[in-house]
Every structure is written in C-alpha cells, then in structure tokens.
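A.B. asks: Spelled out from the first residue to the last, the chains are:
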Amino acid sequence: MAVDYTASDFRKGLRVEVDGVPYVITEFNFVKPGKGAAIYTCRLKSLIDGNTYVRNFRSNDTLKKPDLEERTMRYSHKEADHFIFMDENYEQFTLLDKVLGDNQYFLFEDCEVRVLYHNGQAVDITLPTFIEKVILETEPGARGNTATNTLKPAKINGDFEIMVPLFINQGDTIKIDTRTGEYADRVLKK
Amino acid sequence: MRSPHLERARLQGLQPVLQLRSRILTVIRTWFAQQGFIEVETPVRLPTPALELHIDAEPSGNAFLRTSPELHMKRLLAAGYDRIFQIGPCFRKGERGDRHNPEYTMLEWYRANADYQDIMNDTESLLRQFEIFNLKSNIPRLTVEELFLKHAGWNPVVAYDAERFEHDLVSKVEPALPRDKPVFVMDYPVSAAALSRRKPGRETVAERFELYINGVEIANAFSELTDPVEQRLRFETWARERKVLGAPVYPLDEDFLAALETGMPPSGGIALGIDRLVMVLADKTSLDNVMAFREH
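Taken in order, these protein sequences are the chains called D and Z. Everything in the first sequence is counted per this note's numbering, starting at 1 for the first residue and increasing by one. Everything in the second sequence is counted per this note's numbering, starting at 1001 for the first residue and increasing by one.
Watch out, some of these pointers could steer you wrong.
[Said to hold, decoys possible] Label-pair distances were calculated between CB atoms; the ranges are:
{"#": "1", "chain 1": "Z", "residue 1": "E1007", "chain 2": "D", "residue 2": "L136", "range": "21 to 31 Å"}
{"#": "2", "chain 1": "D", "residue 1": "S8", "chain 2": "Z", "residue 2": "L1149", "range": "28 to 38 Å"}
{"#": "3", "chain 1": "D", "residue 1": "N169", "chain 2": "Z", "residue 2": "S1137", "range": "50 to 60 Å"}
{"#": "4", "chain 1": "D", "residue 1": "E137", "chain 2": "Z", "residue 2": "S1137", "range": "30 to 40 Å"}
{"#": "5", "chain 1": "D", "residue 1": "P140", "chain 2": "Z", "residue 2": "P1248", "range": "49 to 59 Å"}
{"#": "6", "chain 1": "D", "residue 1": "T62", "chain 2": "Z", "residue 2": "L1149", "range": "56 to 66 Å"}
{"#": "7", "chain 1": "D", "residue 1": "T72", "chain 2": "Z", "residue 2": "G1094", "range": "34 to 44 Å"}
{"#": "8", "chain 1": "Z", "residue 1": "S1171", "chain 2": "D", "residue 2": "T72", "range": "41 to 51 Å"}
Hints listed in this document are in silico derivations from the structure and should not be mistaken for laboratory results. Glycine is no exception: its CB is placed at the ideal position from the N, C-alpha and C atoms.
Please construct the entire structure, taking both the sequences and the accompanying hints into account.
C.D. replies: Structural data, given as structure tokens:
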C-alpha cells in the first residue's frame, strides 16, 4: 500500500507521486502570510522526462510515495544524452541526462549504483554516498590569503566545477559527498 | 559529516553580515534607551504558549518554548509599565524556509496609552536610524482594502474568505509591494485581527498593521485587544478551530486573562523579526545568509 506524505514531510530530495507520475522535490520553500496558514512551495521534477513545475501545497495536503523498486547495477557509458547502466546479466537500462541532474558528473566507469524503477521503467539512481574524483583543473592555492575566500572552483568532469579548499591542487584526488554534491575530503595517495 | 574546511569557509563568509547584525542590535537598543523604554526579559519556557490558530509551539519537557513574549509583556503593561521592549529567541514548530527558522530572534515593544498609529511612528523613527533606507518622506500607509481592490480585485473586509485572502496576499498583493522601500499594510479584516482590537467606529476592521521592507514581511503590530471577555472568546474560538485542524490545543493562559481583568491600558505593540530585518538590510534573500547556525 502506498504510504502518504503530508506537507510537513516535504523536503528537498523527497520522491513523491502525482497523478501516477514519480517526481522528486528539487526546491522546497515554506511561506506563511502574516498570521495565516502555511503554504509549502515545491518545484517538482518528473523522474520520467526531467521536466519541472512549481506547485503550492497547504498543511493538510498529502502526496503518495511512489512505488519504486530498486536494483543494483553498474554504470557503463554515455550515448548522446542517455546514460547506459547494466545489470549482472548485461541487460541495459538507460536514463536521460536531465533526469540524472548533477549526479551525471559523479559517475565513473563501473560505478555501482542503485537504479530505481517505476512500473518497470528506470527513473532515478542513487550513487554511493562518497565517490572519488581527480581534479582536472584548478588555480594554484593562494598562499597567505586565508582570511577570506578559503574555497576555489575546481573542474572534476569536463567543465563541471565544485568548490574545494585552497590547498587542493590539480591532479589531487578528492572525495565528494553525492548527497550534497559537496567536497568532503582529500584522498591521500599511498 | 560536512567537510570542516567548507564549514569554516561558510562561517568566514558570514563575517560582514554578522558584523552588520551586531551593529543593528546596538542601534536598536540605543534608540529604545533614548525613547525611555526599558528592556525586559520574560520566560522562554511556558506551560501555556499563546494560543493562535496557525502557530505551533515546540514542546519542551512538560512545557513549551515561547512562540512570542507577547502575553507576559502585556502582563507588565497591565501592571503599569508604559514603555517596554524585549529582544530574544522565539520558537515556532515546523517553520523552516528561506524566511523562516524554527528558532529566531524577535524584537517586541509595547507602549501604554497608545495605539497602532503610535507604533507606526515608532517604527518609522527606528528605521530612520538605518541610513540605508534614506527615509526622507514618511513610510506609505496602505490599507488592506485598497491593496486587495487594486491587485486582487475584491474586498476582504466586506466578504472575508481565509483561504482566498491568504492565497491572494501571497500571490497577488505581496508581489505588488515596492521592492526598494518600506511600506505599512494596515487595517485588516476583523476575521484576521489576531490579537488586535476593532477599529472604533468601524467594527469590520481590525487595528493591525504589518511592516514590509522590499516586499518582505518584517513586523506585525496591533492596537492591542485589552477586553478580557473578547480575548477569552478569541482564544476559545482558536482552540475549537485548532481541534478541527488536528493541531495541538494549548491550555488558556489564565494568568494573562486575569491580568486583563485588572485592567490593561489601551496599548500598541509590535513583533519584529530581527533575522529578517538583517536579511533585507544586508540585501540577502535567505536567512541562511544572516544566521550563523541553522538546523537542517
């Protein structure tokens, strides 16, 4: 039986179902006019086609939890705007880049992911919590300038950048938290 | 756990705003001292939080954290204190967003033998202390009726509908307010009176106003309701309505009602969100940018 969420459960990253379509909440805000009742404003991204729309909810509104099945797979490769995953029987599943969002930049060959299915269709992935990436390009850390700007952009995948501490150099390997997309730690080479 | 390097960078980035925040608090305290107000402190943990239809209190053991210091400050008014203010933490359960945090800092001030017009004058005078507004002229005082007729096409004072009122306020009226200066929105339908008194001579209107700065709601003020009978009726109505909504119903604050019965002078009062004031003065769009630590 589908479990319902009430508006106070809504948060960024929550997967919900609206009119039979699975969505993920990508933006969430809480608005309360004066002494009035709360309004929950959500941007919902369809896990089928990646399109988004904004919808307001009141406190007593509910949404269904989508019926999702999870299977472990490995990332294979990219074809045009599709990402190809493979299960242990070499059966292929594809996901659109706009459904993956920033997760696409954290994938690497043979990366083990959990693929979520909705009515037999692959709709989203969950990456390992931490993945490692090599810094392709970043400005050398400015020495002595520790009072401000203690972070700088670094390219990890094509032109995709994340913010890293100043002591990180080109060629370093870093750990990234895929839940937030943030730098987590430096990986020291043996 | 988040990288300590990212956390350090975040806190360092907040430094200019936290300095501004500190200066704002100094300016506020100096202004109140000049006006002859005394700063008071009232309990944060209460057995009977203020009963309002859409405000939920955070439980704390067998009590609750205050959602506002209002009822205790009014007990001081009833005891003869005529100019009081307080700056301190308040808590509202489940309120979290760009402009809400479950724990925040509230400034409240009250004047005895005064009404909401006097509080508007106070607010104007206080905001003049912040040069950023360049307040040469007076802050526009716009009525709810004129704003709704102009931007939403109906008059909530004549025919009130709570859901429609709140929806149009958020989606039509607030977006039409000026983005570059403060305005007062005043004279609410009596159904949205909260703890304000009815306007003498016009019973369908409540003497309540809200301060908006750059389109952001910053403060809410009343000519305070001082009638113990009507106050009890409003509490009881909200208790019934909260029960229907499935919200917790708090016991009535009988000490406050008893204080009203001894006689509270006609008073004006206001609650102003310090975090939001800092947010608009620092030209930021989220409380993330003005509070050092937020729960996530």
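A.B. asks: Taking the hints in turn, state whether each one holds.
C.D. replies: Each hint, compared with the structure:
1. E1007/Z to L136/D: 21 to 31 Å: 25 Å, holds
2. S8/D to L1149/Z: 28 to 38 Å: 34 Å, holds
3. N169/D to S1137/Z: 50 to 60 Å: Holds, at about 56 Å.
4. E137/D to S1137/Z: 30 to 40 Å: 53 Å, violated
5. P140/D to P1248/Z: 49 to 59 Å: 57 Å, holds
6. T62/D to L1149/Z: 56 to 66 Å: 35 Å, violated
7. T72/D to G1094/Z: 34 to 44 Å: Between T72/D and G1094/Z, where Cβ atoms are some 36 Å apart, the hint holds.
8. S1171/Z to T72/D: 41 to 51 Å: This hint holds: roughly 44 Å between Cβ atoms.
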